[in-house]
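Novice: Chains L and D, in that order, are what the protein sequence lines are. The first sequence maps to residues 1 to 113 in the working numbering. The second sequence maps to residues 114 to 226 in the working numbering.
Honestly, the hints are just simulated from the structure, not real lab data. Bear in mind the structure is a predicted one, so any value in this text is a computation, not a measurement. Errors might be hidden in some of the hints.
[Said to hold, decoys possible] Okay, derived cross-link-like pairs now, DSS-like style, lysine-lysine, Cα gap no bigger than 25 angstroms in a straight line: (1) LYS182(D) / LYS171(D); (2) LYS162(D) / LYS213(D); (3) LYS162(D) / LYS182(D); (4) LYS213(D) / LYS71(L); (5) LYS181(D) / LYS162(D); (6) LYS171(D) / LYS213(D); (7) LYS70(L) / LYS213(D); (8) LYS181(D) / LYS57(L); (9) LYS57(L) / LYS70(L).
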Amino acid sequence: DGGITQSPKYLFRKEGQNVTLSCEQNLNHDAMYWYRQDPGQGLRLIYYSQIVNDFQKGDIAEGYSVSREKKESFPLTVTSAQKNPTAFYLCASSMGQPQETQYFGPGTRLLVL
Amino acid sequence: AQSVTQLGSHVSVSEGALVLLRCNYSSSVPPYLFWYVQYPNQGLQLLLKYTTGATLVKGINGFEAEFKKSETSFHLTKPSAHMSDAAEYFCAVSCYNTDKLIFGTGTRLQVFP
Chain L
1 DGGITQSPKY
11 LFRKEGQNVT
21 LSCEQNLNHD
31 AMYWYRQDPG
41 QGLRLIYYSQ
51 IVNDFQKGDI
61 AEGYSVSREK
71 KESFPLTVTS
81 AQKNPTAFYL
91 CASSMGQPQE
101 TQYFGPGTRL
111 LVL
Chain D
114 AQSVTQLGSH
124 VSVSEGALVL
134 LRCNYSSSVP
144 PYLFWYVQYP
154 NQGLQLLLKY
164 TTGATLVKGI
174 NGFEAEFKKS
184 ETSFHLTKPS
194 AHMSDAAEYF
204 CAVSCYNTDK
214 LIFGTGTRLQ
224 VFP
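Put together the whole structure using the sequences plus the hints.
Specialist: Below is the structure:
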């Protein structure tokens, strides 16, 4: 089955710790995206990548980092600089054109211990 | 820059009643418009989208939306609500000169028996 997988489903972070969220797609999509979802605020774009080895900051990139070494993978690291990381994180992919549908993974919920 | 406003963070309807979820957008160029649905603790799924052509767009699960340029609106409707329609609904906008999808803050639909 084609789709987007995110792991883990739940992730716990301790103070001062970096954690990495995984996102993999087998849709052969060029573009991949990371969003943060907080109650009542909709989805906010963290980082996106239109092509391998290139990525751009979204609206709330501070405290996060990404890499795009393979077309299929776009991991997100939540660094210790992100002071309020508790949220639901969604990964998406698309063919890259603005009229194309973005397809979403099931999400990872990050909680702080 | 594009923006989206969803009027009403919560909407409640009885089973069998009309569903109307409101979305207004702002864009200086012709927009691409999307409606997504999110069930609890899951990713987003596309309901329907407007890019060009017919302004009345039909989607999955009996939903439809009409693009009204004069009113800058893209309201989502369903003639008869079902219990399974209870979810959060997001309107989103992009356009040809941007590589981002801008989301509204969402509307939570409750369906009562």
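Novice: Holds or violated: are the alpha carbons of LYS182(D) and LYS171(D) at most 25 angstroms from each other?
Specialist: Judged against 25 angstroms, a Cα distance of about 17 angstroms means the pair holds.
Novice: Does LYS57(L) lie within 25 angstroms of LYS181(D) when you go C-alpha to C-alpha?
Specialist: violated (32 angstroms)
Novice: Would the hint linking LYS162(D) and LYS182(D) be met if the CA-CA limit is 25 angstroms?
Specialist: holds (15 angstroms)
Novice: Quick one, are LYS162(D) and LYS213(D) close enough, alpha carbons at most 25 angstroms?
Specialist: Holds, at roughly 15 angstroms.
Novice: Keeping to a limit of 25 angstroms between CA atoms, is the pair of LYS171(D) and LYS213(D) held or broken?
Specialist: Holds, at roughly 24 angstroms.
Novice: Starting from LYS70(L), check that the Cα of LYS213(D) is at most 25 angstroms away, please.
Specialist: holds (21 angstroms)
Novice: Would the hint linking LYS181(D) and LYS162(D) be met if the CA-CA limit is 25 angstroms?
Specialist: holds (13 angstroms)
Novice: Decide if the proposed pair is consistent with the structure: LYS57(L) and LYS70(L), CA atoms, cutoff 25 angstroms inclusive.
Specialist: holds (18 angstroms)
Novice: Would the hint linking LYS213(D) and LYS71(L) be met if the CA-CA limit is 25 angstroms?
Specialist: holds (19 angstroms)
Of the numbered hints given earlier, the model fails hint 8 alone.
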